[in-house]
Structures are given as structure tokens and as C-alpha cells.
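**Q** Please work from the sequences and hints to get the whole structure.
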Amino acid sequence: MRRSKAGFAPATVASLALATIGWGGSIASAATFNLTEVAPGIHFHQGRQVALDSPERDDIANIGFIIGERCVAVIDTGGSIATGRKLRNALRSVTRKPVCYVVNTHVHYDHLLGNHAFASDNAQIIGHRRLPAAVANNRTFFLASFANELGHHKQPAVIHDPDVTVEETRILDLGNRKIRLDAHSTSHTDNDLTVFDLNTNTLWASDLLFTQRIPALNGSINGWIEETRKLAASRVDRMIPGHGAIPADWHAAVRAQMRYLVSLRNEIRRIILKGGFLEDALVSAGDGEKERWLLFDQNHRRNVSRAFAELEWE
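Using the working numbering, you'd call the opening residue of the sequence shown number 32 and step up by one each time.
One thing to keep in mind: the hints can contain errors.
Unchecked claim - The calculated lysine to aspartate or glutamate pairs, modelled on EDC-like cross-linking and capped at a C-alpha distance of 20 Å, are:
| hint | residue 1 | residue 2 |
| --- | --- | --- |
| 1 | Lys261 | Glu198 |
| 2 | Lys128 | Asp152 |
| 3 | Lys261 | Asp213 |
| 4 | Lys305 | Asp318 |
| 5 | Lys209 | Glu100 |
| 6 | Lys128 | Asp84 |
| 7 | Lys209 | Glu322 |
| 8 | Lys321 | Glu310 |
| 9 | Lys305 | Asp280 |
| 10 | Lys209 | Glu199 |
| 11 | Lys261 | Glu199 |
Quick caveat, the hints were computed from the structure, so don't treat them as lab data.
**A** Shown next as C-alpha cells:
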């Protein structure tokens, strides 16, 4: 293992990252919750662009739902039970159809701590094949670190396990509307799932795509670059990111993310080849991207550490 100048090996176990819409749909807004119909039957809530130490950290992820003729699929539930309830209330202001599925796109708190708000709907919770292990590994951490977000619900069962997992691909029929769930290789995390709506040719990429806010690496930089290449080759009409605004030009958004990830990887590799240490990478790797991303100072160094831990073994 490569050691740092101080004599300590850089961390190799990734912890949870605490680190324009083209269709003219209707917009419903409240003081604390926005909801936009970005394509027929696809309702999107954009999370806030705040740091992870903000009191508003429970509402930083993009979440929403897709309505079929028979029922509704919720796509992520937010970072607290309260945010999940806001989403459910917003859903009920749009439709009385039952919620049949809650899709968790990955394990990060801001996408699934709101699951408990949908417990009374008896919906199936669906996630990546690796999500059960990821939830189990993070349950104690969630309960300890997100007490405010969980309110008085502090029992382990409030962190819901998926009922159904996706090995590779799974089709959900919402009634004259099919959505395809695709399980991805390790990239942003090791349990990323995307949702593709066949009716509107919309890809809900979740955290495989960040816009505006700096991408947060919790899996594999090599894997994420490969998955970003696959996003670039998509033939979709719109792409919904896990954080940030839905881009008018999703191709440009994918290129921006690719530029950041590739520059970070290339610069870290150069430092390693020259015999440099993690401290050297933390000083300069990827700094040319600083003015292009929100919350760069809060999250970039963590990305450097995680990428270095992976790339030093090449």
C-alpha cells in the first residue's frame, strides 16, 4: 500500500458522502417544496444546493414520481421523513392513484431516509442488488448521524430494506406506462440504479449525473467515467440528474461531468507516477475545475482522497 508523507496510509474504505426544462408542463410550488411536471406524468422536485452541514441537508437530492394509469412509482424519497412527507403530500395534490413502488436509486441518506413516509402505502421498495448490504452497513451510521432527520423514529426498522432488488434490468408496469430499472456497475456508489420512462424517453439518471453541484465520488472513479461514457451514448429526450437543475442540453451536462472526472483521474495518475503522495494530490489535482462547480471546497478534497486510494493500486 502506498503511504502518505506523514506515514499513514490513505483511507481506502469510502464512507457515505456527507460530502430549463424542455417540456412546458405545469408547476406547483410552496414555500418549502417545489414540484414541476417535466414531461407528461413525470413530476420532479429539485433539491437545494446547500452543504452537508446545513440544516436544510435533508432536501438536497432530486426526487419525484412517475404516474401511470394504474399506480405511481416514487423515485427516491429525500433525506428525512419530513421531506418524504412533503413529497407524499405533493403527490397526493396531483393524483389519488396508489403508490405501488418506491425506487431507491442508491444508498445515500438524501435519497432514502424519507422512505418511512410511504410506509402506509404498502408499496414495494426496489433497489440495486447491492442495496440491501449497503443499507445494512449504513443503518447504525444513519441512526446516529441523522437523528433530527428521523425525528422520533429512531428504531432500526425505520431505515427500510428493499423488498425487491434488481440484478441487471427490471420492467415495472404502472398501467399503460412501463419504466425500466437498470442496475449499474460500481461508479458513484456500488449500488446505483437508473430509471428509464419508455413513454417519454426520459432517463432519471439520479446520481450518475450531477449538474451545477460538484460530483461526489463514493465508488470508483474509473467505473464512473465508464458509466458517464454510457450516459453520453444514450438516445433520450431528457435526462434527470440526482443533484442540480435538469439541463436544457443534457449532452453538455454529461460532458461537463466527464471533464471533471477525467481531469481528476489524469492529474492524480501523473502525481502517482512521479512518486507523489496523497498530500500532493490534495494540493492541486483537479483544481482547474474549481470555478465550474458549486460546493467545490466542501467536496472536492474528498473526491481526491477516494480517487487516489483507487488509482494508487493500478
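**Q** Has the given pair, Lys261 with Asp213, been kept, meaning a C-alpha gap of at most 20 Å?
**A** holds, 12 Å
**Q** When you check the alpha-carbon spacing of Lys305 and Asp318, does it fall within 20 Å?
**A** Cα-Cα ~18 Å, so holds.
**Q** Next pair to validate is Lys321 with Glu310; report whether the Cα-Cα distance is within 20 Å.
**A** Given that 20 Å is the threshold and the Cα spacing comes to 18 Å, the pair holds.
**Q** CA of Lys209 to CA of Glu322, is that 20 Å or under?
**A** With a Cα-Cα distance of about 40 Å, the restraint between Lys209 and Glu322 is violated, given a limit of 20 Å.
**Q** For a C-alpha distance cap of 20 Å, please report whether Lys305 and Asp280 respect it.
**A** It is violated: about 38 Å lies between the C-alpha atoms, which goes past 20 Å.
**Q** Is the straight-line distance between the alpha-carbon of Lys209 and that of Glu100 20 Å or less?
**A** holds, 10 Å
**Q** Are the Cα positions of Lys128 and Asp152 separated by 20 Å at most?
**A** With Cα atoms ~11 Å apart, Lys128 and Asp152 stay inside 20 Å; holds.
**Q** Quick one, are Lys261 and Glu198 close enough, alpha carbons at most 20 Å?
**A** Roughly 18 Å between the alpha carbons, so the hint for Lys261 and Glu198 holds.
**Q** Checking one constraint from the list: CA of Lys261 to CA of Glu199, max 20 Å. Satisfied?
**A** Roughly 15 Å between the alpha carbons, so the hint for Lys261 and Glu199 holds.
**Q** For Lys209 and Glu199, compute the direct alpha-carbon distance and say whether it is at most 20 Å.
**A** holds, 16 Å
**Q** When you check the alpha-carbon spacing of Lys128 and Asp84, does it fall within 20 Å?
**A** violated, 36 Å
Figure legend: structure checked against the earlier numbered hints; hints not met, in rising order: 6, 7, 9.
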